[in-house]
Each structure stands twice: as structure tokens, then as C-alpha cells.
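Peer 1: Just need the whole structure built from these sequences, with the hints factored in.
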Amino acid sequence: MSTGAGGHLSVDALLGYWLSDAASAAEVDAVDEHLMQCDACGETLDELVALGDGVRAAFRAGAVSAVATAAFVERLAAQGVRLREYRLPPDGSVECSVAPDDDLLVSRLEAPLAGVERVDAVAVSSLEPGVEHRLEDVPFDAEAGAVLWLPKVAQVKALPAHTLRVTLLAVGPGGAREIGRYSFHHRPWVG
Amino acid sequence: MPQVVARRRRALRIFFAASLGYPWRMEALDAAADETPEARAARRIAAAPPGQAADDEAELYRLLAPRIRRYGLRHLRDAHAAADLMQHVMVHTLSRLRAGELREPGRVLSYVLGTCRMTVMEQRRGERRRAELLERYAGDLPAADVAQVAPRLDEARVADCLERLPERERAVLVMTFYDERPSEAVGIELGLTPGNVRVIRHRGIDKLRRCVDAGRRLAS
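These protein sequences, in sequence, are chains A and B. Positions 1 to 191 (my numbering) are the ones given, in order, by the first sequence. Positions 1 to 220 (my numbering) are the ones given, in order, by the second sequence.
Hints in this document: simulated from the structure, not taken from any laboratory.
Computed footprint of chain A on chain B; a stretch qualifies when at least three of its residues, placed anywhere within it, have a C-beta under 8 angstroms from a C-beta of chain A:
#, segment
1, 65–74
2, 109–123
3, 161–171
4, 181–187
5, 190–201
Cβ coordinates follow ideal geometry from the N, Cα and C atoms, glycine included.
Peer 2: This is the structure we're talking about:
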């Protein structure tokens, strides 16, 4: 059990306790005992839990974008989250939309990812011609051969018709090389 | 198998210790806690005629209830179950103090933690005693609003702060907190070591806390 100033538990120790990173039952017991007498650490833990709740709520509300893994998306579906998924091969394009009752939107960008160390994504929307949004070092699922991007669905639902072009780049010591280009032709939901 | 045996032994130790009113392996907790406000309030409750120490009972409740609830949230992972645990343990502790059945009221913290542990184990075994006790004594609890101890955060602010994080930090935080997964599980999915996940998580949490705090200060 790592303690910081004044014998208080570090944020990492509290997070580890909360998320079951602690290796042994003895470590969990030790933190339980500390929390039973230390309100300062208890309040820090409350704050971390509230932050975690906030992250979950923001993601669940479609207010935040994230790159995730296939296993994570499968868990969302198993929990009853309504997902709309578009799967695109390299250089693929799709006519797409999002329904009012869709909870989350998943763009599965397939790409040859074996041996790739780092992936960057560059997105350009027809709503902002010439403006490039570069996402650096995005997590990818090498086993699934895809980058799973979950955009802010709350924002996408409000967008007018437009085209979004995304380019995936494998970045290595020798520079960046393109591994896939994808076009999303979005239309507002018409029912 | 040795883990199962150790768990059974521990459960038996807690069960027998708690059923006799003895604290369980709490020497360190008690050494530090003997002169705490909790210990003083518990002694006054034990010394007063039953039910005549309302202020001290309210004080003990105010001090201990949030900690019990926190314990319940961690071990039961359910806000309602944690609230039930909080009520049950407080009812049980106050009734023992009122009846003079706690041999060492100054060691109330040990007693409360031992009772939390025993109750959670009983709950996991499907015991119904908790609900019965709650039904019998819930009306005797001092009034104090500790149902929501965790601060509530502005969801829009959290979302805005999350969006400012690098992709990898945001992914780790979302995948960690969405269904509260340890670093090892997140690491397996992202092809990272648990240590790497903890480092990225630490950085992300640190930035997120500072950003949310800054927003709070601006708003107030």
C-alpha cells in the first residue's frame, strides 16, 4: 500500500483499490482499514469515483468520442447498448446516417495493421474544407485488423449532410505511410 | 486451492470474532483510533441510559455512515446495496452500544469494519438477516443525509475535458471506467502491459482532475 504526504494513500493506490488492481486480499484489507479512519483519503476516493461516473455518463451519452477495441464494442452490445456500425475496408466508402434512438455509432476501419507500431488518423470534413484534424497515436486492434472509432454520436445526429474522409497512417521510424482511406457520406436520418 | 482454504479460514475468524463482539485484526486501527471523535462518541453512548445520547449518536452516524457506504460501494458494487449496508451496520452498532454490549466502545472503528466485512460475506451467502434487522430497526436511525457522499460532476464539463485528452489516454479512461476494469484487463485488449495502462491512466486522470477542477473554480 503506497502512501504519500501525511500518511495518505496516493491516487494510484486508491484507483488500484477501486478497480481491483490490488494484488492481494491483504492489500485490499489494508486500504479498507485506512479508509475506515481517514476521511481525506475517503473524499479523494469519492472524487475519483465521481470522475469515473462522469466518464461513463459522458461516453454513454455520446458526448465524447473514443477509439476502442472490438472486445469493448462487443461488451457494449451485450449490455444492450444500441449500436449502429459501419464497417469499411481500406479505400471503402459508405452512405451513412444515425437514427434518433441509436446510442452509439461505431466506424470499423479495416486496415493491414500487422507489425504496425503507431497509427495516426487524419480526418477532413466537407463542412470545414481544407481543415485537417489529426489524431495521433490512436489505439488499434491489430488482431481484429481494424481501428474502431466511436464518434460523438450526439453531435453527429445534429449534423447536416456532409462527407468525412479519414486516412489512416502507419507511423514508424522511417516516417508515415498510408494504410487506408475511408469516406463517410452522411445524411440526416429521414426515418 | 490454498486460496480457497485461506478465504475459508479468514471467513471463520471474522465470523467467530464478530459474533463474540471482538474486533478482528484491528490492532493498528485501534492504536491510532482510541482517542478519535468516533471513540469518544461511542463511549458517551455506551455510558448514557439507552436512547439518551441522541447528539452523540447523530455525531457517530455522521462520521461513520459515509465510510461504511464507501466500503459497501467497493465491495458490493451497487449503490442501493451499499446504502443498505450502511443502514444495517449503523443500526447494529448503535443498538450494541445502547445496550452496553460492546465490551470496548473505544474500539468502535474495529467493530464497524468487522461488521461490514461479516455483513458483506453474509450477503454473498444470500443471508436474509440484514433485511430483517433493517426492517426492525430502521426507524431508530438518527436523521442525517449521507445518502449521496460522492460529489456530482458536471457531465458536459467532464466530456469537454475528456475531449482534450490525447486519444490513447481517452481510450484507456473510457475503457477503464465504462465497466470498471482493472489495468490487466484493459492492457490485454489494447496490447499494453498493466504497468503501461497504469501510467497512461495516471496521466489521463491527473489531466482530467485538473481540467474539471479548473472548470469548477471558474463556475464558482
